[in-house]
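> Sequence:
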Amino acid sequence: EPERPTVELTEEEKKLKFRKTEVKDLPPPVLNACFAKFSLPEKSEGFDDVRYEWSKGAKATEYLKKWTLHRKLTTRIEDITPSPWFHQRLTEWQGGGTGGGGRA
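Residue numbers for the sequence shown follow our numbering, beginning at 72 and rising by one.
Derived from the structure by calculation, the hints contain no laboratory data.
Worth double-checking, as some hints may not be accurate.
Said to hold, decoys possible - The calculated DSS-like cross-link candidates involving lysine-lysine, where the alpha carbons are at most 25 Å apart (straight line), are:
#, residue 1, residue 2
1, K108, K137
2, K114, K130
3, K136, K95
Unchecked claim - Derived DEER-like restraints, expressed as beta-carbon distance ranges:
#, residue 1, residue 2, range
4, P76, L135, 33 to 39 Å
5, A129, K86, 31 to 37 Å
6, I151, V94, 24 to 30 Å
7, K136, L97, 15 to 21 Å
8, E163, E113, 40 to 46 Å
9, L97, K127, 24 to 30 Å
10, E163, L102, 35 to 41 Å
11, D96, G166, 48 to 54 Å
Heads up, the beta-carbon is just placed ideally off N, CA and C, and yes, glycines get one too.
Turn these sequences into a full structure, and let the hints steer you where they fit.
Here it is in structure tokens:
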């Protein structure tokens, strides 16, 4: 029987916690609409036990926080609409309101 090759991970591969796959868990539009609501489970929510396999407690929380902040900085928000406050300030800036901050 021929000898099977030995497979070893590189140092970079050993550092990875999650492998990248072609098929995503969520379609990008769904992920973009929901990621800000993601959270980690807590015992106070009624779970008997909460175990983290890759990073423990505080490190898992920190990872999710960093991931969420990165997504907020790099994700295009499709359904964003300006608030009434913005419309009021825009009108004032354009010189149509009573804010005094119009264009020259």
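> Are the hints correct? Go through all of them and say.
Hints, one by one, checked against the model:
1. K108 with K137: Between K108 and K137 the Cα gap is close to 14 Å, so the pair holds against 25 Å.
2. K114 with K130: It holds: about 17 Å lies between the C-alpha atoms, which stays within 25 Å.
3. K136 with K95: holds (20 Å)
4. P76 with L135: 33 to 39 Å: This hint holds: roughly 38 Å between Cβ atoms.
5. A129 with K86: 31 to 37 Å: violated (19 Å)
6. I151 with V94: 24 to 30 Å: holds (28 Å)
7. K136 with L97: 15 to 21 Å: Given a distance of about 19 Å, which is inside 15 to 21 Å, the answer is holds.
8. E163 with E113: 40 to 46 Å: holds (45 Å)
9. L97 with K127: 24 to 30 Å: holds (26 Å)
10. E163 with L102: 35 to 41 Å: holds (37 Å)
11. D96 with G166: 48 to 54 Å: Holds, since D96 and G166 (Cβ atoms, about 49 Å apart) stay within the stated range.
Checked against the numbered hints above, the structure violates only hint 5.
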